[in-house]
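Chains as they are written, first to last, in our numbering: chain B, 1 to 118; chain X, 1 to 117.
Treat the hints as calculated values from the structure; they're not laboratory data. Mixed in with the good hints, there may be bad ones.
What the hints assert, rightly or not - The calculated label-pair distances, taken between Cβ atoms and stated as ranges, are:
hint	chain 1	residue 1	chain 2	residue 2	range
1	B	ASP100	X	TYR97	15 to 23 Å
2	B	SER83	X	ARG77	32 to 40 Å
3	B	ALA72	X	TYR97	26 to 34 Å
4	X	LEU56	B	SER18	30 to 38 Å
5	B	LYS20	X	SER70	41 to 49 Å
6	B	SER83	X	ARG69	45 to 53 Å
Because the structure is a prediction, the values reported are computed rather than measured. We put the beta carbon where it would ideally sit given N, CA and C, even for glycine.
The chain contents come next:
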Amino acid sequence: GAVVSQHPSWVICKSGTSVKIECRSLDFQATTMFWYRQFPKQSLMLMATSNEGSKATYEQGVEKDKFLINHASLTLSTLTVTSAHPEDSSFYICSARYRDRWRDTEAFFGQGTRLTVV
Amino acid sequence: AQSVTQPDIHITVSEGASLELRCNYSYGATPYLFWYVQSPGQGLQLLLKYFSGDTLVQGIKGFEAEFKRSQSSFNLRKPSVHWSDAAEYFCAVGYDYSGAGSYQLTFGKGTKLSVIP
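For reference, chain B alone in the conformation it holds in the complex:
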């Protein structure tokens, strides 16, 4: 199956600094990539949807200036948490999919990134 690689798996940063998380589709070209946030013992909350070469579409309540998403190529999307604060600590997961002959495929997920802001 298609593979999505997310890096880093975990990161600790100081409050006020920025952190970049990468999401790569290794063996396919992703038409769409998604970023989710997951709180402990909860489901996934969609943060934004990004298509290559265009601006990301953010879900209501997600701060665009806080969570910068760049989708520079068909295989790479990045999420930058700017001026991170302890409340941004969470598990961030990306997913990607492509278009087959008839429809969008299922979503393929990265391993997730555990962000801890101290």
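Based on these hints, arrange chain X on the given structure of chain B.
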């Protein structure tokens, strides 16, 4: 708005016993249905999917699910559970409102499965 309900927050079964995890979705256009599994600290792995065709879907690791349109359900089953199946299971649904094959995915809240040796 589309929604997915997983009625059971936590299920405990004995190893070797059968398993059924429930999933109900809100009515909409052609539903695309998925089951994902998540181990602690990991991303999600697709167990099985339904886009169209045969309503009984076979997946990986011995799992299967049946799409029942009349009940708006897509329950996940496994005849004999293994200790390694202990994880969080998420049902997800997408609707192709435009008919162009594109959809937005909505996840249920998940069911945590514990397995007693």
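Here's how the hints hold up against the structure:
1. ASP100(B) <-> TYR97(X): 15 to 23 Å: About 19 Å separates the Cβ atoms of ASP100(B) and TYR97(X), which means 15 to 23 Å holds.
2. SER83(B) <-> ARG77(X): 32 to 40 Å: 47 Å, violated
3. ALA72(B) <-> TYR97(X): 26 to 34 Å: 29 Å, holds
4. LEU56(X) <-> SER18(B): 30 to 38 Å: 48 Å, violated
5. LYS20(B) <-> SER70(X): 41 to 49 Å: 48 Å, holds
6. SER83(B) <-> ARG69(X): 45 to 53 Å: Cβ of SER83(B) to Cβ of ARG69(X): about 48 Å, so the range 45 to 53 Å holds.
Checked against the numbered hints listed earlier, the structure breaks hints 2 and 4; every other hint is satisfied.
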